[in-house]
Amino acid sequence: MTVPLLKVDNLAVEFGPKANPIRVVDGVSFEIPPAGAVGIVGESGSGKSITSLSILRLISEPPGRIVQGRIEFNGVNLLDLPRSEMPDIRGRDIAMIFQEPMSSLNPVMTIGDQIGEAIKLHEDMPGEKRRERVIEMLRLVGIPDPAGRLDSYPHQFSGGMRQRVMIAMALVCNPKLLIADEPTTALDVTIQAQVLDLMHKLRRTLNTAVLLISHDLGVIADVCERVVVMYAGRVVEEADIRSIFRNPQHPYTRGLLQSIPKLDDDRDRLYQIPGSVPLAGSVKKGCPFYQRCSLRIDKCAQEMPPMFSFGPDQRAACWVTAGQADAKAKEVAL
Amino acid sequence: MRDLGGGKTMARYLLLRLADAVPTILLVLTLVFIAMRILPGDPAIAALGDMATPEQLELFREKMGLNAPLWLQYINFVWGMLTLDFGRSLMNNQSVLALIAYNLPYTIELTIVAMILGVGFGIPLGVLAATHRNKAADNAVRGFSLLGYAVPDFYLGALLLITFSLNLGWFPINGGGEGFFDRMHHVFLPAVTLALVKAAFIGRLTRTSLLEVFGKDYIRTARAKGAREPRVIYRHGLRNALLPLTTGIGLSTLATLSGSVAIELVFNRPGIGKLLISAISERDYAVIQGGVVIFSLFVVLINLLMDLVYIVVDPRIRVQ
Ligand SMILES: Nc1ncnc2c1ncn2[C@@H]1O[C@H](COP(=O)(O)OP(=O)(O)OP(=O)(O)O)[C@@H](O)[C@H]1O
Ligand code: SF4
Ligand SMILES: [Mg+2]
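Protein sequence lines, in the order shown, are assigned to chains A and B. The opening position of the first sequence corresponds to residue 0 in numbering that gives the first Met the number 0, with each subsequent residue numbered one higher. The opening position of the second sequence corresponds to residue 0 in numbering that gives the first Met the number 0, with each subsequent residue numbered one higher.
It is worth saying that the hints were derived from the structure and are not from the lab. Treat the hints with care, since some could be wrong.
FRET-style restraints, in silico, Cβ to Cβ [claimed, not checked]:
(1) A/Ser83 with B/Asp19: 47 to 55 Å
(2) A/Ser157 with B/Asp137: 49 to 57 Å
(3) B/Asp216 with A/Asp187: 17 to 25 Å
(4) A/Gln193 with B/Leu13: 48 to 56 Å
Source: prediction; values computed, not measured. Ideal placement from N, C-alpha and C gives every residue a C-beta, glycine not left out.
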C-alpha cells in the first residue's frame, strides 16, 4: 500500500468541562491515499464535522479539545506542530469547504478579494497575476463572466454559485487535500448534482485528494473510492465503495443503504432505521448501535466490538457479522 | 446577479433617505411651534419685564406677530426657520443666527473630539474584551464600563476640572479658546468627560458584536484558508461588527450632543447647550426656538450621516 497522504489514527475529541467531559469523537482512524477520495457518512450528530475540523485543528478550544490520537499529513503529526504553524498548512496544503454556502463567505468582502486573500496568505504573487489566477479559478468552477464578477459580493450570487466560489477559493493554492463538509446538503437537487459533478471533474484535473463528508451514501458513491461509516462518534465500518454497496458488514451500514431512495422505488415512505442516535458520549459500555440493532446478542450490551477485518478492503465493528463471516474475520489490533 | 450596485442605485437610496428627512424636519418644527405656544409665561412680559405698560406689551406682540391668527403664525414660523431667519434675541437684540453661528462650532468641536476619543478607546477595549472573553482583560474592561455608566458626566467633569485645571493647572478653567491648539487645549477635559461613557458604551457594543461575528461561518472560513488571528479579528471580524457598531456610534453621537449641555455649563465654555440654558432662564423665546431647531436639524443630519456610513460599510444596502 502506498504511503497515505493523510492518516488519522485513534482520534478522540471531547467537549465540556475537563472533570466531566463528553467524548463526541472516539477512536476514529482512517487513511486517505495521495489523490484519493474518501467519504465519511453518518447521521446527524455522529461526529463527522468534528472529525474533519480536527484535521485542520479548527475545533474551538474551549469548549472542545483533541484528547488523543495522531493526525499525520505527509508523515508529520499535525497535532505535534505548534499552533502558530497551522495557518501555513490551512488553505495551502489542506483546504476546506463547508455546508452553508450562504453564510460561509464574508458578506462585506468582494468575491475577488476573498479568493485573492487565499493566494495572498500563502504565495508571493503580484496583484495583476493574482487577479488573473482568481479569474482563471472562477472560470474553472464554472462562474460565467468571471472577470466581471470579481467585484461582486456574496449576496449577489445564488447558493450554488456561492458554493462554486467556495470551491474556487479552496482550490486556488492547489492544496493536496480538500475537505468538503456536506458541500451540497444545503443546495437543491439539480444544483447539488452540478456541484458534485464539478468536484468530480476538478479532482481529476487537479489531482487533489478529497475527504467528502455527507449523510448521503449516494453522494459519496458519486465521488469517492472509499467510505468511512461513523456512528455516535465512532467508525463502525470502513470499506471501498463496492464492498459497502455489495456486502455491507455493519448492521448500521445496511440500514443506511436501505434508506437510500431508488429510482424504481414504489414504496410510499423510505425505510428509516428505527430509534435515534444516542446522545454524544452517552454510550459507556457495549456496542453504540445496540439500542437500534436487529441482530444484537447479549454480548453486544457488555462489550464494545473491536474492528474486524472482512477481507483486504473492509473492516467493521460488529460481533455478530464478524462471527457469521467467521473464518475471514479476524480482530484488528487497535 | 441582477443589479451590481452602481452609483445610480446609491444616489437613489440617498435621495430617498433625504426625502425621508423632510417630514421629520417638518414634524420637529411643528413640535417646536406648539411647545413655544404652550410654554408657561408671556414672552412679551418676559422680554419687556413686569413694569411694562399694556400698550408697550401690545406693541411688542404686534411687532413679533403674536397677534396674527395661529395658522399664519405657523406658516410664518416654518418659513422663517427654513430660511434660517430666527429673528433677534429678546434680551440683547443680537441676531439669533449670529449667536448660533458663534456657539455652534464649539459644540460641534466638543462632540467630534469626544467621539474620536470615545470610539478610539472604546473599539480597542471591545476587541480586547472579546478576544480575552471571561479572562482578566475582559473583566477589567467590564469594570471600566460599569464605572463609565455609573459616574454622572457632570460629576466627572467637575472632578476633572478641579483636579487638572484648578489644582494642577494643566488645563484652562473656562472658555473655548482661540486658534486651533488653544481650542484643543480647552476642549480636551470636557471631551474626555463625555468620552468616558462613550468608550464604555462602544466598548461593550464592540465586544458583543464581535463575539457574535466570531461565531459566524465566514470566520471559520477565514481561519480555514490560513488567515492568522489578527487578520481574522480585524479584517473579517471587526469589519463585519462595524454594521451594528455604526448604529451604536450614531446613537452615541446624539447622546453626546445632549450631554454637551451639562458639560458646557460645568466647564463654562461657549456652545449651543450653554446658549440654550441661559436663553431658557431668561425666557428668550427667539433664542430657545432657534437653538432647539438647530439641535433637531443636527439630529436629522447625524441620522443622514449614519445612513451614508451604512452604505460604505454594508455592500448589501447598495443594491437594494
Ligand atoms: N461546541 C460544542 N459543544 C458541545 N458539543 C458539541 C459542540 N459541537 C458539536 N458537539 C457535539 O458533537 C457531536 C458531533 O457533532 P458533529 O457536528 O461532528 O456532527 P455531524 O456528524 O457533523 O452532524 P451533522 O450531520 O448534523 O453535521 C454532536 O453530538 C454535537 O452535539
Ligand atoms: S455488535 Fe451487536 S449491537 Fe453492535 S451492531 Fe453488531 S450485532 Fe448490532
Ligand atoms: Mg456536520
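Hints, verified against the model:
1. Remark: the range hint 47 to 55 Å for A/Ser83 to B/Asp19 is upheld by a beta-carbon distance near 50 Å.
2. Separated by about 40 Å at the C-beta atoms, A/Ser157 and B/Asp137 break the suggested range of 49 to 57 Å.
3. Between B/Asp216 and A/Asp187, the C-beta spacing of about 20 Å keeps the proposed range 17 to 25 Å intact.
4. Our hint of 48 to 56 Å for A/Gln193 and B/Leu13 is violated, since their Cβ atoms are close to 39 Å apart.
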